[in-house]
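Chemist: Heads up: the sequence lines are chains A and B, in that order. Residue numbering for the first sequence follows this note's numbering, beginning at 291 and increasing consecutively. Residue numbering for the second sequence follows this note's numbering, beginning at 16 and increasing consecutively.
Hint data in this document are derived by calculation from the structure and do not stem from the laboratory. Do not rely on the hints blindly, as some may be mistaken.
[What the hints assert, rightly or not] As a list, the in silico DSBU-like pairs of lysine-lysine whose alpha-carbon atoms are at most 30 angstroms apart: (1) K180/B x K291/B; (2) K315/B x K477/B; (3) K464/B x K481/B; (4) K327/B x K293/B; (5) K183/B x K291/B; (6) K488/A x K446/B; (7) K502/B x K315/B; (8) K327/B x K340/A; (9) K502/B x K558/B; (10) K394/B x K446/B; (11) K293/B x K394/B; (12) K340/A x K394/B; (13) K488/A x K462/B; (14) K558/B x K340/A; (15) K488/A x K581/B; (16) K558/B x K581/B; (17) K488/A x K605/B; (18) K453/B x K340/A; (19) K488/A x K180/B; (20) K488/A x K183/B; (21) K488/A x K464/B; (22) K521/A x K315/B; (23) K481/B x K581/B; (24) K144/B x K183/B; (25) K477/B x K521/A; (26) K388/B x K340/A; (27) K453/B x K502/B; (28) K623/B x K521/A; (29) K521/A x K399/A; (30) K453/B x K477/B; (31) K183/B x K581/B.
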Amino acid sequence: MKILVPVKRIAALEEDFEIRDDGRDVDGDFINWDLNEWDDYSLETAMQIKEAAGGEPEVVVVTVGPDDAEEVLRKCLAKGADRAIRVWDDALEGADQLAIARVLAGVAKTEAPDLILAGVQSSDHSHGCTGIALSALLDMPHAAVVAAMTYSAGDAKVRVQRELEGGMLHAVDVSTPAVLTIQLGINTPRYASLRGIKQAAARPIEELSAADLGADFASASRVRRMYVPEKSRAQMIEGSPAEQAARIAEIIREATGA
Amino acid sequence: MDNAASTATTSLYFAPEQITRVLFEGFASSAIYLFYIIGIAAIVVFCHGCYVQVRKYRRGAGDTASQAQIKDRLVAMVGTVLSHRTIKRRDTGAGHAHRLIFFGFVLLFIGTATITLEYDITARLFGFKFWYGDFYLWFSLVLDLAGVGLIAGMLYMMARRGWIKPPKLDYARPDREPGDPDFDRSGYRREDWAFLWALIIIAATGFVLEAARLVWLQDRPEVWTLRWWSPVGALLAEGMRAAGLGAEGAGSLRGGLWWFHGAIALVFIALIPRTKVKHIFTASGSLMFRDPLAAQRLPKTDPDAPSVGYAKITDLTWKHLLNLDACTKCGRCHEACPARAAGAPLSPRDVILSLREFANDALEKQSLPEEAKLDIHGKDVGQVFMETLWSCRTCMACVEICPVAVEHVPIIVQMRRKLVEEGQMEPLLQKTLQTIHKTGNSFGESKRKRAAWTKGLDFPVKDARKEPVDVLWFVGDYASFDPRNQKVTQGFARLLNQAGVNFGILYEGESNAGNDVRRVGEEGLYELLAENNIATLSSAGFKRIVTTDPHSFNTIKNEYPDFGGKYEIVHYTQMVLELIREGRLTPDRKLGYRTTYHDPCHLGRFNKEYDAPRALIEAVGCELVDMARSRDNSFCCGAGGGRIWIPDPVGKDKPAQIRMKEAAQIDGLEVFAVACPKDLTMFEDALKTTGNEGRFVVRELIELIEESMAPRQIAEEAVEAV
Numbered sequence: 291m292k293i294l295v296p297v298k299r300i301a302a303l304e305e306d307f308e309i310r311d312d313g314r315d316v317d318g319d320f321i322n323w324d325l326n327e328w329d330d331y332s333l334e335t336a337m338q339i340k341e342a343a344g345g346e347p348e349v350v351v352v353t354v355g356p357d358d359a360e361e362v363l364r365k366c367l368a369k370g371a372d373r374a375i376r377v378w379d380d381a382l383e384g385a386d387q388l389a390i391a392r393v394l395a396g397v398a399k400t401e402a403p404d405l406i407l408a409g410v411q412s413s414d415h416s417h418g419c420t421g422i423a424l425s426a427l428l429d430m431p432h433a434a435v436v437a438a439m440t441y442s443a444g445d446a447k448v449r450v451q452r453e454l455e456g457g458m459l460h461a462v463d464v465s466t467p468a469v470l471t472i473q474l475g476i477n478t479p480r481y482a483s484l485r486g487i488k489q490a491a492a493r494p495i496e497e498l499s500a501a502d503l504g505a506d507f508a509s510a511s512r513v514r515r516m517y518v519p520e521k522s523r524a525q526m527i528e529g530s531p532a533e534q535a536a537r538i539a540e541i542i543r544e545a546t547g548a
Numbered sequence: 016m017d018n019a020a021s022t023a024t025t026s027l028y029f030a031p032e033q034i035t036r037v038l039f040e041g042f043a044s045s046a047i048y049l050f051y052i053i054g055i056a057a058i059v060v061f062c063h064g065c066y067v068q069v070r071k072y073r074r075g076a077g078d079t080a081s082q083a084q085i086k087d088r089l090v091a092m093v094g095t096v097l098s099h100r101t102i103k104r105r106d107t108g109a110g111h112a113h114r115l116i117f118f119g120f121v122l123l124f125i126g127t128a129t130i131t132l133e134y135d136i137t138a139r140l141f142g143f144k145f146w147y148g149d150f151y152l153w154f155s156l157v158l159d160l161a162g163v164g165l166i167a168g169m170l171y172m173m174a175r176r177g178w179i180k181p182p183k184l185d186y187a188r189p190d191r192e193p194g195d196p197d198f199d200r201s202g203y204r205r206e207d208w209a210f211l212w213a214l215i216i217i218a219a220t221g222f223v224l225e226a227a228r229l230v231w232l233q234d235r236p237e238v239w240t241l242r243w244w245s246p247v248g249a250l251l252a253e254g255m256r257a258a259g260l261g262a263e264g265a266g267s268l269r270g271g272l273w274w275f276h277g278a279i280a281l282v283f284i285a286l287i288p289r290t291k292v293k294h295i296f297t298a299s300g301s302l303m304f305r306d307p308l309a310a311q312r313l314p315k316t317d318p319d320a321p322s323v324g325y326a327k328i329t330d331l332t333w334k335h336l337l338n339l340d341a342c343t344k345c346g347r348c349h350e351a352c353p354a355r356a357a358g359a360p361l362s363p364r365d366v367i368l369s370l371r372e373f374a375n376d377a378l379e380k381q382s383l384p385e386e387a388k389l390d391i392h393g394k395d396v397g398q399v400f401m402e403t404l405w406s407c408r409t410c411m412a413c414v415e416i417c418p419v420a421v422e423h424v425p426i427i428v429q430m431r432r433k434l435v436e437e438g439q440m441e442p443l444l445q446k447t448l449q450t451i452h453k454t455g456n457s458f459g460e461s462k463r464k465r466a467a468w469t470k471g472l473d474f475p476v477k478d479a480r481k482e483p484v485d486v487l488w489f490v491g492d493y494a495s496f497d498p499r500n501q502k503v504t505q506g507f508a509r510l511l512n513q514a515g516v517n518f519g520i521l522y523e524g525e526s527n528a529g530n531d532v533r534r535v536g537e538e539g540l541y542e543l544l545a546e547n548n549i550a551t552l553s554s555a556g557f558k559r560i561v562t563t564d565p566h567s568f569n570t571i572k573n574e575y576p577d578f579g580g581k582y583e584i585v586h587y588t589q590m591v592l593e594l595i596r597e598g599r600l601t602p603d604r605k606l607g608y609r610t611t612y613h614d615p616c617h618l619g620r621f622n623k624e625y626d627a628p629r630a631l632i633e634a635v636g637c638e639l640v641d642m643a644r645s646r647d648n649s650f651c652c653g654a655g656g657g658r659i660w661i662p663d664p665v666g667k668d669k670p671a672q673i674r675m676k677e678a679a680q681i682d683g684l685e686v687f688a689v690a691c692p693k694d695l696t697m698f699e700d701a702l703k704t705t706g707n708e709g710r711f712v713v714r715e716l717i718e719l720i721e722e723s724m725a726p727r728q729i730a731e732e733a734v735e736a737v
C-alpha cells in the first residue's frame, strides 16, 4: 500500500512587494516560501490513513521544484512521511500546471501508488487543476474538493464527500487507485516541531531530473504578465442631500471629462 | 523541702557517676533482648525503605549539573534548614512552629543517639562513660525544653489544620472533578493527622514516663533531689504524687509506658522512608541540589536524542524525582499560582503530587513496569492533563516560594516539550509558532517592518549592524510591532537620544528573543531564534545591551550564554536610573500621582530587580503604594509561558483582571505603572474589562519619565521662541 502526496512550495507575499523586472512574476526578495496550505491537509489525510493501518502504508511526498523546494519536503518528512522525492530540470523554470502534472504522472508511473492525494489548489497560482490533470494523464478516476472521506488501507474504493456550492455535499464512491484533491478543513494538520524538521534534514531526499522520468513536460500556456490592477476608488460622500448631489455631479463631470 | 534553685549546688553532694538515668533497670534480660530485636528490626525496615526510595530516584534520568560543588551545596542547604529562611516566608506562624518542631526533634534525636552512643558503643567497647554528672543534668534540662518545643509546635500545627484551616491546606484539586478516582485526597489528610498525633504522643509519653520514673525512684536522693533538672517531668511527678501515686504504682506505670513509648518511637523510625516524615531527608536533599536559576535558565536538550522532554516518569531527572518527594503539601505554590487563581485546571502542588503518586506506584516496585505504564501524559490516575500543562504561565511564583526547592516550572516545560513534539496544543498557539518560524516575530509582520516605529522619530536610529554603538537596544516583538507599545518604544528612543546615549538597533536582523517560545516547550524553534539573534549580535559592535522587554532580558541574560552568547545586558529601568543619577536625564517636574507598581515576573522574580523601577517612580515624584502582592510575590498578568498566544477561557476572571481588582482597592489610585510591554497590553485591556477605566490609568514607566521631563522642554522652547 502506497500513498503519493504531491506538494508544492508556494510563494507567500509580503505586504509590500515589487514585480520582477520582466513583469512576469513577483521579485523573489519579497517572497516568503512555505508549504502550500492545502498540501498540509492532504499529507495529514495520508498520515491518518497510514496510522489507522498501523503504519504499514508508505507515504511518499513529491514536489517539482529547484533545490530550495527541499524545505517543504523536510517539513513533510518531519510530519511523518516515509520518503521524499524532488524532481527538477532547469527547463522546468516557468513550467505551467500541465507540465507539472506531466512530471508528476511520470513519478506516479514509477511509484505505482494506490492513492494520490493532492491539494485542491495552490495558494499562490490557484489554477486548481494539477491534481485533476494528473488523474487524466494517468487515466485514473478522481474526486475533486474532498471535504470528508472514508477509506482504509487496501480498500477497493474510497467513499468521499465532495464540497459543492451552496453548502451541499456530494457523496461519491471512487474506485482505487484514484486521485483525490483534498479541501481545507478535512482534518487538523499536525505540527511539525522544529526539532523534527532539523532531524529530517539528515534524511535523504531522492532527486530526479525530468529526463530520468522520460516524460514529456511541455507547457501548454505561458505567463505574459503579472501585475496589480489599478485600484478602483470608493469614497463616502457626506453632508446634506443637496451637498451630496452636488459632489456626485462634480465626480461625474470629472470622470466624463466634461 | 526541695529547692529547685539549689540543685546545681546539691549535685556536689553526689558522686558525679551517681547522677545519671536508669535505662533498663528492673527489666528481665529477655525483655532487654526483645527490645534490641525490635530496635534492630526497626532499623532494618528503615534501611530497606531508604533503599527503595533511592532506587526509585536512581531510575530517573541523569543530572550531572547538580552534582557539582557538593560542599558549597551542603553548606547552603544546612544554612537554609537551620535558619528556616524558606519555611517562614509568607507564613510566619507555620515557620515558628516548624522551627520548634524541628529543633525539638533534632535535639531529642541527638539526645537519644547520645545515650545509644554511650551505652551501646563507648561503654560497651571501651568502658568509656560520659553520660553522667553535670553533662547529664544539662542534657536532661535541654531535652525537656526540646520536648516542650516539639509539643508546642505540634499543637500549633494541629490548631492550624483543625481550626485555622488556611485555604492553601485544602487539598481540593482544581484539575480533577469530585468522583474521579484520584480526586480524593483524604489519604493525605489522614497521614497528616497520624504524623501529628504520633509525634505528640511520643513526646507526651516521654514526659509521663520521665515523671513516672521520678516518682518510682523518689527514694533515691540523687534522683529526687535533682529532679528539677527535668522540669516538665518533675512538675508531672509532683502532680502524680498529689494524685496519690506511690513509688510502686509509678514503677509499674513506667514499665508499661516504657514499652508503649519505645514501640511507637521505633515504628515511627521504621516508617520514615515510607511516609511524609521522609521530607526530613528529601526536602534537605532537594534544597541541597537547588538550582538557583531553575526557571530562569531552562535545560538544553540533546538535538540528536530520539525523543525530547518528559514523556515517561523515568524521563524525569533523579533530582526532579527527589523534588516530588520533597513536597510537603504546604500549599504556598497553590496559593501563589495565577492560573489556579483564575480557575484554570492547574495547581503546581497537584502536578507535583500527581507525579509523586505516579512515581511511587511505578518506580518503587522490584522491577520497572512495561514502558506503556510509564506514560505521565493523559487522563488516567496520576497522569497530568494536557490542559493542566497548558494553563501554566511559567511566572515562577511557585518555584520562588517553594520552601523545599521543588522545580515546578522546569518540570512543566519539560512535559510541554513532549506535547509540542506531538502537536498537542491549541491550534492558535500552533499557528503562532509557525508564524514565528516563518517571519521571526509573533505578529506575522514582515521583518522589514520591525523598525517601522523609528519613522515616527525626528532623529535617525543607528543600525548597529552597520556602525558600532555603545548600547545595543534589543527591542523585542511587542515593543516593535504593537501599536500601543510603539509609542512607548519611541518614548524610550527619545530618552536615550536626549541623554546623548550612542545607541542602535538591529533593524530586520532582530528576531523574537525566544523566551516565551522556549517556555511553551518549542525548544527547536527557540534554538533557531537564539542562534539567529546571537549570530546577528556577534556581527554588531556594542558594549552592552538594553531592552525594555523583561522576557527578552531574561533569555538573553540567562539562556543565551548556553548557546555561546555572553553579553552584558540591562533592563531599561536600570539604565534610565543610571542616566538620572549621572545627571544625563533630569525629571524635574514632580508628577505627584498616587502610583502602584506591578513587578513583571521576568524582571522581578526572575532577575530580582525590584528597586530600580521603584526608584524611578520616586524620581518622577510619584507616591508609590505597593499592592499587597508585590516584589517576589507579584501576581502574573497571565501573559507568560506563551499564554499571550492562547486565548483564556471566557466567563472567568483572567489573571490580569484579578490584578486590576487588587490595584483598584488602593484608595485614590491614579496610575498603575508597568515596566513590560506585555504588561501594558494585558493591563490596559483588563482596566477596561474590569470597569476601572476612568478611575485610574495604566502607564509604562517610560511614559511617566517623559511626562516629568516634558514641561522643561516646552519651557525652554518657549524661551527660545521669545
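Chemist: Hey, K477/B versus K521/A, does the alpha-carbon distance stay inside 30 angstroms?
Modeler: Not satisfied, since the Cα-Cα distance of roughly 36 angstroms exceeds 30 angstroms.
Chemist: What's the verdict on K293/B and K394/B, does the C-alpha distance respect the 30 angstroms limit or exceed it?
Modeler: The hint holds at about 29 angstroms.
Chemist: Verify the proposed pairing of K327/B with K293/B, using a straight-line Cα cut of 30 angstroms.
Modeler: OK: K327/B and K293/B at ~24 angstroms, within 30 angstroms.
Chemist: Within a Cα-Cα threshold of 30 angstroms, do K558/B and K581/B meet the stated pairing?
Modeler: The hint holds at about 12 angstroms.
Chemist: Between K453/B and K340/A, is the straight-line Cα distance small enough, at 30 angstroms or below?
Modeler: holds, 28 angstroms
Chemist: Holds or violated: K481/B with K581/B, Cα cutoff 30 angstroms?
Modeler: Measuring from Cα to Cα gives roughly 21 angstroms; hence the hint holds.
Chemist: If you draw a straight line from the CA of K521/A to the CA of K399/A, is it 30 angstroms or shorter?
Modeler: violated, 46 angstroms
Chemist: Just to be careful, I want the Cα atoms of K340/A and K394/B compared with a cutoff of 30 angstroms; is the pair within it?
Modeler: holds, 26 angstroms
Chemist: Is the hinted pair K623/B and K521/A satisfied, with a Cα-Cα distance of at most 30 angstroms?
Modeler: Violated, because 55 angstroms separates the two Cα atoms, which is more than 30 angstroms.
Chemist: When you check the alpha-carbon spacing of K488/A and K464/B, does it fall within 30 angstroms?
Modeler: holds, 28 angstroms
Chemist: Within a Cα-Cα threshold of 30 angstroms, do K502/B and K315/B meet the stated pairing?
Modeler: Cα-Cα ~36 angstroms, so violated.
Chemist: Holds or violated: K144/B with K183/B, Cα cutoff 30 angstroms?
Modeler: violated, 50 angstroms
When held up to the earlier numbered hints, the structure conflicts with 2, 7, 14, 17, 19, 20, 22, 24, 25, 28, 29, 31 and fits the remainder.
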